[in-house]
Every structure is written in C-alpha cells, then in structure tokens.
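Asks: Here the protein sequences come in this chain order: A and B.
For the first sequence, the positions run 1 to 73 when the numbering used here is used.
For the second sequence, the positions run 1 to 157 when the numbering used here is used.
Some hints here could point you the wrong way.
[Unchecked claim] Straight-line distance between alpha carbons at most 20 Å, and here's what the computed DMTMM-like set of lysine to aspartate or glutamate pairs gives:
id	chain 1	residue 1	chain 2	residue 2
1	B	K13	A	E44
2	B	K4	A	D42
3	A	K10	A	E23
4	B	K4	A	E44
5	B	K116	B	D31
6	A	K18	A	D42
7	B	K5	A	E44
8	A	K18	A	E29
[Said to hold, decoys possible] With beta-carbon atoms standing in for the labels, derived distance ranges:
id	chain 1	residue 1	chain 2	residue 2	range
9	B	S93	A	F43	24 to 32 Å
10	A	D42	B	V78	39 to 47 Å
11	A	D17	B	N12	33 to 41 Å
12	B	R73	A	D42	35 to 43 Å
13	B	R73	A	F70	20 to 28 Å
14	A	R71	B	E154	51 to 59 Å
15	B	G127	A	G47	45 to 53 Å
16	B	R8	A	Q40	14 to 22 Å
17	B	G58	A	R71	49 to 57 Å
18	B	R29	A	E16	43 to 51 Å
19	B	G11	A	K18	28 to 36 Å
[Unchecked claim] Chain B stretches covered by chain A per the calculated footprint, using a threshold of three residues with CB under 8 Å from any CB of chain A:
id	stretch
20	20-29
21	52-60
Since the hints were made in silico from the structure, they are not lab data.
Note that the coordinates shown come from a computational prediction; the quantities given were computed from them, not determined experimentally.
Note that beta-carbon positions come from the ideal geometry of N, C-alpha and C, so glycine has one too.
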Amino acid sequence: MVRIRALSPKETNTLEDKITHGEPLSAVELAKVREMLQLQRDFEAYGRLGRLFLFFSAIGSAIWVAWEWFRGQ
Amino acid sequence: MVSKKVERLAGNKLVFFGALLWMVFGFPRTDPGARLHGFFNPVVQPFTPTLVEAVDDGGMSSTRLGGTIVKLRNRGCVYAGTRWYLHDEYDHSAPVTSTFRDAVGFTSPGEVLREKLIIGIAPERLGWTRGYVMHYCDWLVFDTPVLSPLYEGELLE
C-alpha cells in the first residue's frame with residue numbers, strides 16, 4: 001500500500017502535471033492517485049455523517065426544548 | 001439509510017450554520033440543556049442529608065436539611081440558587097421553595113458543610129422531591145446555566 005502522507009509537494013505537482021497533460025502514469029503513481037481519491041471519498045463521507053449528526057442533534061434538542069416548554073405551560 | 005432529501009437539507013449552508021449556532025449558543029442556555037450539562041458535568045455532587053427536621057418557616061410547614069455537599073469544581077462557576085420539585089407517581093412536578101440560609105459565599109472545590117437548607121414542604125413528603133443547584137459557568141463568550149442534581153427523594157424511582 002502506498003502511503004499518501006509520504007507524498008511531497010513536488011511529487012504532487014508532478015502527478016498533477018502528468019494527469020493534466022495526459023501523460024501515462026506508472027503503476028505506483030496510479031496507486032497513489034487511487035488512494036488519494038479514496039481518501040477524498042472517506043473525507044466527504046465523514047463530513048456528510050458529521051453534518052447529519054449535527055442536523056439530527058439540533059432537531060432532537062429543539063423538540064425536547066419545545067416539549068418541556070409545552071409541559072411547563 | 002437517510003434519504004437524499006434529508007442529506008441535502010443537512011448539507012445546506014444555512015441549515016448547517018443554523019444548527020451549529022443553536023447547538024453551541026442556543027441549546028446550552030435552555031432548561032433541558034442545563035439539566036443535560038448538570039447530568040454529565042455537575043458542579044456539586046448529590047448529597048445525603050444528615051440532618052432532616054421539621055421547621056416552621058414564616059407559618060409554612062417546612063423542612064430543614066443539613067449535610068456535607070461536595071463541590072466538584074469552581075473555576076468560572078457562579079452560584080445561582082436552588083431548585084426543588086415535588087413529584088407524583090405520574091411524574092408530574094411542581095416547584096417547591098428552597099433556599100440556603102447559610103451564608104453563601106465563594107467556596108473552593110471540596111466539602112462544604114451546609115446546615116440550613118430550607119425546603120418549603122413537610123418532612124414526610126420530602127421523599128417525593130428532587131433538588132438541584134443552579135450555577136452559571138463560563139462557556140465561550142457567554143455563561144451557561146448548569147443544573148446539578150443535589151437531592152433525590154427515596155420514594156422516587
């Protein structure tokens with residue numbers, strides 16, 4: 001497994017240039033790109049989960065507050 | 001899984017920041033928020049009174065409680081009174097007057113002896129009550145209320 005964190009800015013630039021200009025990538029470079037894409041997908045999935053968690057917490061707490069308020073009337 | 005509609009709604013910038021603001025600055029200032037805060041991070045520990053006696057408080061049959069209260073933290077927390085509720089078997093509740101007649105001052109964390117906690121209810125009904133201590137604690141730029149459980153009557157579930 002290629003470790004993405006080991007990618008230097010120079011390596012990233014080289015990869016980016018190669019992809020932009022349509023140059024063929026080596027097997028290692030392809031693996032690095034694939035892992036970067038996977039990392040991005042994971043990142044987005046965690047973001048989505050976080051937003052959903054916040055959303056449901058906010059709705060749940062608002063319902064709780066409203067319920068307590070009506071009960072206290 | 002969650003429908004796409006809900007996912008889109010949760011991802012909406014306005015909804016996201018609205019929810020964030022509510023969870024950080026709105027909910028902690030509400031009553032349920034104060035109770036939740038007090039449940040997970042109380043300022044004082046629940047206490048068992050060592051002194052329970054009937055007193056007459058201005059013509060009202062009341063109870064005087066005494067005992068050692070353990071204060072868990074102090075930094076940024078200001079005492080803001082007590083709250084006492086009488087419950088029934090259906091979990092209805094009604095507020096009961098309660099006050100510390102001891103001189104209340106700044107106290108450090110640790111054990112604090114209190115001997116004059118006057119509850120506006122007769123001792124035989126004390127088992128149906130629940131008591132809380134209210135503090136205002138520092139929270140970002142605001143103070144947030146913390147309702148720490150102090151007493152739970154033995155007749156309550």
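Asks: Among all the numbered hints in the text so far, which are the ones the structure does not match?
Replies: 5, 6, 9, 13, 14, 17, 21
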